[in-house]
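Q: Residues per chain are reported as follows:
2 protein chains.
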Amino acid sequence: MAEQIAKNARDAFTVLKTLSNEERNEALKAVHDALAQTKQEILTANKEDMANATKANLSSSLVKRLDLSKGDKFDVMLQGVLDVASLEDPVGKVTLARQLDEGLDLYRVSAPVGVLLIIFESRPEVIANITALAIKSGNSAILKGGKESLHTFTAMANVVNEALSHTKVPRNAIQLIESREDVAQLLDQDQYIDLVIPRGSNQLVRNIKSNTKIPVLGHADGICSIYVDKDADLQMAAKVVLDAKTNYPAGCNAVEQLLIHRSLASKTLEVVQLLLESNVTLHVTQQVASHLPESELIVPAVDGDFDKEFLSFDIAVDFTDDVDSAIKHINEHSSGHTESIITENRETAEKFLKAIDSSGVYWNASTRFADGFRYGFGTEVGISTNKIHARGPVGLEGLVIYQYQIRGHGQVVGDYLGGGGSREFIHKDIDIRGVTL
Amino acid sequence: MAEQIAKNARDAFTVLKTLSNEERNEALKAVHDALAQTKQEILTANKEDMANATKANLSSSLVKRLDLSKGDKFDVMLQGVLDVASLEDPVGKVTLARQLDEGLDLYRVSAPVGVLLIIFESRPEVIANITALAIKSGNSAILKGGKESLHTFTAMANVVNEALSHTKVPRNAIQLIESREDVAQLLDQDQYIDLVIPRGSNQLVRNIKSNTKIPVLGHADGICSIYVDKDADLQMAAKVVLDAKTNYPAGCNAVEQLLIHRSLASKTLEVVQLLLESNVTLHVTQQVASHLPESELIVPAVDGDFDKEFLSFDIAVDFTDDVDSAIKHINEHSSGHTESIITENRETAEKFLKAIDSSGVYWNASTRFADGFRYGFGTEVGISTNKIHARGPVGLEGLVIYQYQIRGHGQVVGDYLGGGGSREFIHKDIDIRGVTL
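First to last, the sequence lines map onto chains A and H.
Start counting the first sequence at 1; every next residue gets the next number (full-length UniProt numbering).
Start counting the second sequence at 1; every next residue gets the next number (full-length UniProt numbering).
Honestly, the hints are just simulated from the structure, not real lab data.
Hints are supplied without guarantee of correctness; some may be wrong.
Each pair may be met inside one copy or between any two copies, as identical chains are not told apart.
In silico DMTMM-like pairs for lysine to aspartate or glutamate, Cα to Cα no more than 25 angstroms straight-line [what the hints assert, rightly or not]:
id : residue 1 : residue 2
1  : 93        : 431
2  : 328       : 181
3  : 47        : 318
4  : 70        : 231
5  : 230       : 277
6  : 17        : 72
7  : 354       : 190
8  : 354       : 431
9  : 351       : 307
With the hints as constraints, model all of the structure from the sequences given.
A: Here you go:
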């Protein structure tokens, strides 16, 4: 069963890969129109899921995420499909062109990755979002939603597949599956599936990473740090830390640890005052505590507090000797997501930017800027803490890779140096701005 | 033990990452000089390995690969270190620059991946090669060689580490380990190791892929194909196929299957004549056989011949109905390495180039061109059949990824649309040619 689903996705991909940007966009338009026309039907199915969720006593935040009828959520979802269609085609971009010899040219051309497996939790609008991203980038996708959104999911799946069946995009380019068992089996289909993208809790991502040989694009943790340097503008530091912690504490780009240069010890309260006023609990080392007044918001840091994603109004705070020890601490304790230094000293900042190994390294800005929308990517596939392929906020370019094309006239390696012959390669770069294939 | 090795590599990386191109090049120069000065010592150790290999009745091809004193191999190895040093710095390149707002700029900057684990078989010159590539790209590397090269390996390891200890590159940036047990444990260190690069047999690569959660850069198989279209220049086809098969049959870019358009059935012999003259055995379907004379070089294809990497003077041959069926066959049976179409028809060629999913897609050229040297990459880390990060011949850029830098003036997300405020992002691209950070 899982193997057949994966094989069908692969077969659909071989067709999808050959379609033009216009053909892919037409399919997105068809999906958009079909979802718009069946809005009531889908919302009825969605109400059923919500009723079941309420009956099952699921958390109110989960029920809220399930709700497609809330505000303009459905229309925003629809507009998102059209927005993706209007983005520049990520496929077929020439990123390298080189004349190897007379009449023998090499091109590196962007191409879809292949078959994606997307596993997500309760948000049903992800279906439209991922359908749009996958088709736009020429990838097949297998989508697996959470069981709490089963009815919404089934309704939308039928609409999407029916809509696609009237376009050049094969129906199987987007497959939606339901049962939990299928996922385990799909994670074994490394022969057909090229990339797994989990969208959900850290627990979900970690489970998936441990159970598949297929590459996984995602982030398990977002343990972000801010280092307040001795040359920091303290007012700026206080404001940035406040934003990074409280703007959206559940976000993976929220700050979880604050390191303050030891020379600022006597000014610690200046840095954390706004946090305390916003009812953030500070988990502090003893040294930090000795420079702060007593407060129920100031508690002793315990083991693991500096390796913890609080995702709440909590932050770990310590002193550090200098920028080098801050860098060392961060490279050891952060999750490689996003770290920020607050300083007016350019040299110190450059050192930090150069030495930190995380996907986002900021100077005088809130870690909360780590986001595809804020980076201007148009849309976001997710945020990655991987060290290869794609890091940080991932736009459509995370769903493409490249192929090397050679266009020749019957040349053979045996004629060239290194292959037995005497002909030399030219290896002359061609300006890619002038290339259309 | 393995954990300590991996942790040491990670610690060394945090220093290595901050070094300038000049500092990394100086270390390469030191390694080069030290290897040059200890040439006799290393060759003596190498002779010991060769004697042991001969005693142990290892295959002559393996003994040959072990031999560092053959011809100018040692000097080529030394020159290779300097060549890598002279390449453009792969680190710190700005590949995206965008003004997010006044005084808030985003940069995407190339950065080393981190810690590499390189596992290779008999060729001891790989030590110098990988040391150079890793240091040049700012990565730490843990190298594990085959036990048959133990003495050479130990001698070179001592020289490399001693040389590094007088440079800014930490000694532990390059660690050479010997025992087989360590590898299994190292493959578990996904906390510290970012990328595994196996250089050796398909068996080696497959074993490693099955035994680690760390991403693996490599190719398990090279099942390359050539499709001879109805509009092919048959003389060209015969010449290209001959080169692709016989120039170096043990290479992963050698052709293993030949598909001929059915309309050329009566001209089959023209296409394969040169192969037969070169003593290549054709594994043919019954239909193909019926168009060829009897010969001991023409044998019936058996199950699996079209999914096989012969790596020898053997090739599987079949007819196919048209370019579409050739594409379908190749997308199903090739290993995603390199495929070539021989045709004078541009439309057919473009269809092939667009539809084939392999890392190399060629028009009128031998598959043997799939090689870092021939592509003009200066050096080659290996060839990858992965679908993400790096495909095909991988140069230094396969060892780097990127980081996002934000340089601001204390901006916070809460002031902007989407974060609770009303400020809009500018999102204006900056010409990267003018950017120096």
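Q: Give a verdict on every hint.
A: Do the hints match the structure? See the list:
For the identical chains of this complex, residue 93 and residue 431 are neighbours both inside a copy (13 angstroms) and across copies (18 angstroms), given an alpha-carbon limit of 25 angstroms. Taking identical chains as interchangeable, the C-alpha atoms of residue 328 and residue 181 are never at most 25 angstroms apart, the minima being 43 angstroms within one chain and 30 angstroms between chains. In this assembly of identical chains, the alpha carbons of residue 47 and residue 318 never lie at most 25 angstroms apart, being 48 angstroms within a copy and 57 angstroms across copies at closest. When the C-alpha separation of residue 70 and residue 231 is checked against a cutoff of 25 angstroms, the pair qualifies neither within a copy, at 47 angstroms, nor between copies, at 60 angstroms.
Taking the closest pair of Cα atoms, residue 230 and residue 277 come within 25 angstroms of each other only inside a single copy of the chain (23 angstroms); across copies the shortest separation is 78 angstroms, beyond that limit. For the identical chains of this complex, residue 17 and residue 72 are neighbours neither inside a copy (34 angstroms) nor across copies (47 angstroms), given an alpha-carbon limit of 25 angstroms. Taking CA atoms no more than 25 angstroms apart as the test, residue 354 paired with residue 190 passes between copies only; the shortest distance there is 23 angstroms, against 36 angstroms inside one copy. Within a single copy, residue 354 and residue 431 get their C-alpha atoms only as close as 31 angstroms, which misses the 25 angstroms cut-off; across copies the closest is 22 angstroms, which meets it.
Proximity of residue 351 and residue 307 under a CA criterion of 25 angstroms is satisfied intra-copy only: 23 angstroms inside one chain copy versus 52 angstroms between copies.
This entry does not satisfy hints 2, 3, 4 and 6, going by the numbered hints stated previously.
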